[in-house]
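Student: Residues per chain are reported as follows:
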Amino acid sequence: MAFATWLSRLRIGRNASSGAPRSRRIPTLILWSPLALAFGNYFYTVKLISGRSMQPTLNPDSSLWRDFGLFDMFSIRSRHEYQRGDIVAIVSPENPRRMIVKRILAVEGDTVRTLPPHPDPEVRVPDGHVWVEGDDSFHTDDSNRLGPIPAALIESKLVCILWPFNRIGRVTVPAGETLNSVHNWTRQSVQDAIERDKWRKSRVTKSSHRVPRGPHVY
Amino acid sequence: MACALHIFAEYVGTVSLMSGLSMMPTLADSGEIVVEDRLSIRWNPTGIARGDLITLYSPLDPSRIICKRVIGLPGDVVCVDPTGQKAPSTEHVVIPKGHLWISGDNAAMSRDSRDYGPVSMSLVRAKLRARVRFLDRTSTVAHLAYIQIYPDITIFRNPITYLD
Chain A
1 MAFATWLSRL
11 RIGRNASSGA
21 PRSRRIPTLI
31 LWSPLALAFG
41 NYFYTVKLIS
51 GRSMQPTLNP
61 DSSLWRDFGL
71 FDMFSIRSRH
81 EYQRGDIVAI
91 VSPENPRRMI
101 VKRILAVEGD
111 TVRTLPPHPD
121 PEVRVPDGHV
131 WVEGDDSFHT
141 DDSNRLGPIP
151 AALIESKLVC
161 ILWPFNRIGR
171 VTVPAGETLN
181 SVHNWTRQSV
191 QDAIERDKWR
201 KSRVTKSSHR
211 VPRGPHVY
Chain B
1 MACALHIFAE
11 YVGTVSLMSG
21 LSMMPTLADS
31 GEIVVEDRLS
41 IRWNPTGIAR
51 GDLITLYSPL
61 DPSRIICKRV
71 IGLPGDVVCV
81 DPTGQKAPST
91 EHVVIPKGHL
101 WISGDNAAMS
111 RDSRDYGPVS
121 MSLVRAKLRA
131 RVRFLDRTST
141 VAHLAYIQIY
151 PDITIFRNPI
161 TYLD
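Chains A and B are the protein sequences, given in the same order.
Be aware that the first sequence starts at 1, since it is given in full-length UniProt numbering, and climbs by one per residue.
Be aware that the second sequence starts at 1, since it is given in full-length UniProt numbering, and climbs by one per residue.
Careful, some of the hints might be misleading.
[Stated by the list, open to error] Derived coverage of chain B by chain A (criterion: at least 3 residues anywhere in the stretch with Cβ under 8 Å from a Cβ of chain A; other residues may be distant):
| id | region |
| --- | --- |
| 1 | 6-15 |
| 2 | 54-64 |
| 3 | 117-125 |
| 4 | 154-162 |
Keep in mind that the hints were calculated from the coordinates and are not lab data.
A virtual CB, placed ideally from N, CA and C, is assigned to each residue, including glycine.
Given only the sequences and the hints, what does the whole structure look like? Please build it.
Tutor: As structure tokens, then:
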């Protein structure tokens, strides 16, 4: 109710004082909506994450709700900045209507030791591609099945978790020192996260230098 | 207002400049103005037919946008390179689900699916609907000659017909 009165004031109140003829008024909400849309398209946006491929980092079984995350579009769409270890939202290469959330394991030039569904034991990530995997390697459709994914399909990267109240904040791999300062009952999960991160890194051979790109013919 | 224009260009369509040799007989190598239709891709991302002209994000470099022609749809069997220059002409591939086989009209000067294989449909940005060129001609009005600049619009229609 309060919202409705506020809305009506927003639409009528401002223009009534300016004396413009009634027919030529543009409702303020419509006037400003492109700005909000553009902000959501180019800077930050909130997304609901569903599915279990990123467990236990996102949507852990202990949580009652699905996670809402804040995603950064600007650094991907405008600056094309992404690193190994970033959690990113990607347009599924098989279905343009679907978004998937995965972690970048390797970038162009790196060599990755693959996991079972993939036919080759080792893969070099080609130019302009990334190797992505879910944190839960048993419930995920990732590069092990789809192969390296073009970097142009990366849409945004996860900045922080917004909703389940107890897990609000940035998603980072905990440092080794924090083990001593946490409670006994979270110690195991922290240790697991560190172990998983070590295991992920051990499968990637980073390219020592970026191969300069030759003159392209498009 | 600028935001509204931007949103329109992002979701509905836009006019853009093209350059590059790869689409040579269809599009000149520089200063070509085309009409991009983004709405139909947003509306129906899989509604792409063989023979369509599309723009897509380059699978090799996320900051580049390339323009190619669609040759094969998911499930088709495509000969990698009929000329046998980039691959033996007997090599054939089946295009996987959600992917396309694309090729430039100027095969000699184009990097396309012959080099990097089938590309994901999710990379597709827009369909090309028309090409606009501004030509000039000399006209006379009341014995005064002047140069008149007029637009020459070519609407791209799908050139493929199927014989069943």
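Student: Take the hints in turn and mark each one as holding or not.
Tutor: For each hint, the structure was consulted:
| no. | hint | result |
| --- | --- | --- |
| 1 | 6-15 | holds (count 3) |
| 2 | 54-64 | holds (count 8) |
| 3 | 117-125 | holds (count 6) |
| 4 | 154-162 | violated (count 0) |
In summary, the structure is inconsistent with hint 4 from the numbered list given earlier, while agreeing with all the others.
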